[in-house]
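We have chain A already, so just place chain B on it with the hints.
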Amino acid sequence: MPEEKLTEIEKELQRAKEELETLQGYIEEFSTFLPLAVCSLSGIGIIISVNKALEDLTGHKSIEIIGKPLEDIFLEKKKIDDLLKKAQEEEKTETKEIFLITKTRKEILASVAISVRKDLEGNFIGYFVSIIDITESKKFREELEKRVKERTLELEGTKEALINMLEDTEQARRRAEEESNRTLAIITNFTDGLLVFDREKKLSLINPQAEIFFGVKSENVVGQPILELTKNPGLEPLASFLGGEIKGVFRKELQIQENLILEVSTVPIQREEEIIGTLVTLHDITREKMVEKMKTEFVSISAHQLRTPLSAIKWTLRMLLDGDLGEITGEQKDFIEKTYKSNERMITLINDLLNVTRIEEGKHLYKPALASIESIVQSVINSLKEEIQRRKLKFEFIKPKKKLPLIRMDVEKIGLAIQNLIENAVRYTEPEGKVKVSLGGDKKEIKFEIEDTGVGIPENQKDRIFTKFFRGANVIRMETEGSGLGLFITKNIIEAHGGKIWFESEEGRGSTFFFTLPIKKEFEEFLKEF
Amino acid sequence: MAKNQITKEEIKKLMEIPGKVRGVVFKTDFEYVKEKLGNEGLTLLKEKIKEWGVSLDYEKIKITEWYPVWLRIISLLVIKEAFSWDDKKIEDLGNCAPKYSFVVATLMRHFLSLEKSIKETPKYWEKHYTVGEIEPGPINEKEKLVVIRLKNFKLHPILCVFFKGYFLRISQYIIKSRKITIEETKCMFKGDPYHEYLVRWK
Chain A
401 MPEEKLTEIE
411 KELQRAKEEL
421 ETLQGYIEEF
431 STFLPLAVCS
441 LSGIGIIISV
451 NKALEDLTGH
461 KSIEIIGKPL
471 EDIFLEKKKI
481 DDLLKKAQEE
491 EKTETKEIFL
501 ITKTRKEILA
511 SVAISVRKDL
521 EGNFIGYFVS
531 IIDITESKKF
541 REELEKRVKE
551 RTLELEGTKE
561 ALINMLEDTE
571 QARRRAEEES
581 NRTLAIITNF
591 TDGLLVFDRE
601 KKLSLINPQA
611 EIFFGVKSEN
621 VVGQPILELT
631 KNPGLEPLAS
641 FLGGEIKGVF
651 RKELQIQENL
661 ILEVSTVPIQ
671 REEEIIGTLV
681 TLHDITREKM
691 VEKMKTEFVS
701 ISAHQLRTPL
711 SAIKWTLRML
721 LDGDLGEITG
731 EQKDFIEKTY
741 KSNERMITLI
751 NDLLNVTRIE
761 EGKHLYKPAL
771 ASIESIVQSV
781 INSLKEEIQR
791 RKLKFEFIKP
801 KKKLPLIRMD
811 VEKIGLAIQN
821 LIENAVRYTE
831 PEGKVKVSLG
841 GDKKEIKFEI
851 EDTGVGIPEN
861 QKDRIFTKFF
871 RGANVIRMET
881 EGSGLGLFIT
891 KNIIEAHGGK
901 IWFESEEGRG
911 STFFFTLPIK
921 KEFEEFLKEF
Chain B
540 MAKNQITKEE
550 IKKLMEIPGK
560 VRGVVFKTDF
570 EYVKEKLGNE
580 GLTLLKEKIK
590 EWGVSLDYEK
600 IKITEWYPVW
610 LRIISLLVIK
620 EAFSWDDKKI
630 EDLGNCAPKY
640 SFVVATLMRH
650 FLSLEKSIKE
660 TPKYWEKHYT
670 VGEIEPGPIN
680 EKEKLVVIRL
690 KNFKLHPILC
700 VFFKGYFLRI
710 SQYIIKSRKI
720 TIEETKCMFK
730 GDPYHEYLVR
740 WK
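Residue numbers (my numbering), protein chains in the order written: chain A, 401 to 930; chain B, 540 to 741.
Just so you know, these hints were derived from the structure itself, not from any lab. No residue lacks a Cβ here, since even glycine has one placed at the ideal position from N, Cα and C. Not one of these hints is a red herring.
Subject to a maximum C-alpha distance of 30 Å in a straight line, what follows is the list of computed DSBU-like cross-link-like pairs (lysine-lysine):
(1) B/Lys715 <-> B/Lys690
(2) A/Lys417 <-> B/Lys658
(3) A/Lys503 <-> A/Lys452
(4) A/Lys847 <-> A/Lys920
(5) A/Lys477 <-> B/Lys718
(6) A/Lys486 <-> B/Lys658
(7) A/Lys767 <-> A/Lys801
(8) B/Lys658 <-> B/Lys715
(9) B/Lys628 <-> A/Lys503
(10) A/Lys411 <-> B/Lys559
(11) B/Lys589 <-> A/Lys417
(12) B/Lys715 <-> A/Lys477
(13) B/Lys627 <-> A/Lys468
(14) A/Lys496 <-> A/Lys468
(15) B/Lys662 <-> A/Lys417
(16) B/Lys658 <-> A/Lys485
(17) B/Lys601 <-> A/Lys518
(18) A/Lys468 <-> A/Lys538
(19) B/Lys693 <-> B/Lys666
Non-contacting residues of chain A with respect to chain B, defined by C-beta distances greater than 10 Å in every case (computed):
(20) Glu577
(21) Asn632
(22) Leu679
Just chain A, with the same shape it has in the complex (with noise of 0.2 Å):
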């Protein structure tokens, strides 16, 4: 061979050299750096080469473990044993976990990969190993599966509550239905007129019964708020009376048609303390008052029909006292002046009666004139005077101290108002006990007291003193007359008057009633006409 191209050959080897031994240099930094715990194999399964990641995984050095079986760094030899042979048959990857021991004799659990090696004829020449250390990992894992495991637990105890909740739910909801068809049913049902009215005063409910009254349909009222209920002409009476606030009342009576008298109360449908609606109840009373009102004619026809003859026997009896039918002995005089005095009790009764039937036929009031209340309370005083006297009363009549206005009233009726109070107080007071008349007033009012050391009205029979025909118990006791009708026809002369009555009283100490009678600016328009 020339001697130029053997110098040739060897520059080549020469570069050759280098270039692998640069190789090598690369391939030893390479395997320094990489965090991967990696070996090489022999055929056989001989460790030959390890990186510095593997020797800090094992805590072995390299010398110590280059030319060891590589099973000899596992606790499950075989494990590594099939693996090598799987990845030799299979020539592919091949992974596993298996517990690595270390220098120190630590189990550490990790992922091993084995691949074949092949010469670059294909031939197979050993292996390479991976290494990881899957401890972290693994209690990570362990760590998440029994988060979720537990997270899965909860979720089903959630789930569990939640689907009680919603068959307690369902079973509250089926429970309300009921209740709601249960109460649709009574509503409907109802032989009351009922009309529910929500916070905005939009009619809500209807039931039949008012449909019936007012001759209307649910679906053409329901939803329409009251003020546009007074163009209605079936609610119209309704929706007027109740006002726009819909305003409360009890047991007040409408008259809707000729022959249709409602009784009307007004409920606030409260939630809490927050009231969500108002309900109207109405009661069909048109057979009561057509009862009642058969009863007041009867009783002002019987009443007018003994009048007259019980006015006949009156001044029949007078004439026989007066000896103007002749002489009649002291006997005789006795026995008609009995009877008399009878007849003139069956006169005022008659009197009594009528004045509550005028009273109940609303014709009761009255012919107004103006007149001086002072005057009247006198004239009674005087009327009954004998009387005071009779019992031996101290009685007292206190004046104003300045004098009151005349007003409007009708003077008959607030005299026979008078009357009945002051003759109560007269017939209730025992002998030598004490009346007291006061009249007082303001620029608004005309105030009348009484005040007696009576029987007084026992404390469980207060609240019926005001009705017709009752007497209380004591006084029933003392004395038989009286028809119980006087407070009753009182109360309602003042009442219609604008005033108003009540009373204070304890049993067997005695008591006070007062009333007072409005003075109105109008009275005054009517003083200018005169």
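Positioned in the frame of chain A, the structure of chain B alone reads:
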């Protein structure tokens, strides 16, 4: 001074031995000392080399380059003297040498099976030494033994010890057994025509 200290004359005589060796063999010596004795050991070794007046800088050695084969003997002798190592230690160095060898790692295809490995040993030898040759000896798998013969390689007795360890390691790479033994059954320095190593395993 230790009594077995080498003389300048002996060194000079060694330098007359012909033949070449791959730089990788020095690299394995260097790594072994470094591993066993650390930088202190390396410093001591450098001082000893300087003392001997030999030009051997391990860090500048190129693994694929050819170097005089006598330098191989000097490297082992200087290590032995520097650290007062006995034959057993040198044998261990030989045993560990393949572990540090990049060349060994790249020649794994030769160690696929016992039969193939033995068959390939002459080529393997040629890649390391220009003197001497390996004769693949008979393999008796039944008796679990193999014979390795090294011929025409009468350089220095320290190499007999070194190769005892070295061949054992190669055997360990190719024979899957935990109990592999090696024995130099013939030695040229004992008048035999070649070196013969008997490898047994269980």
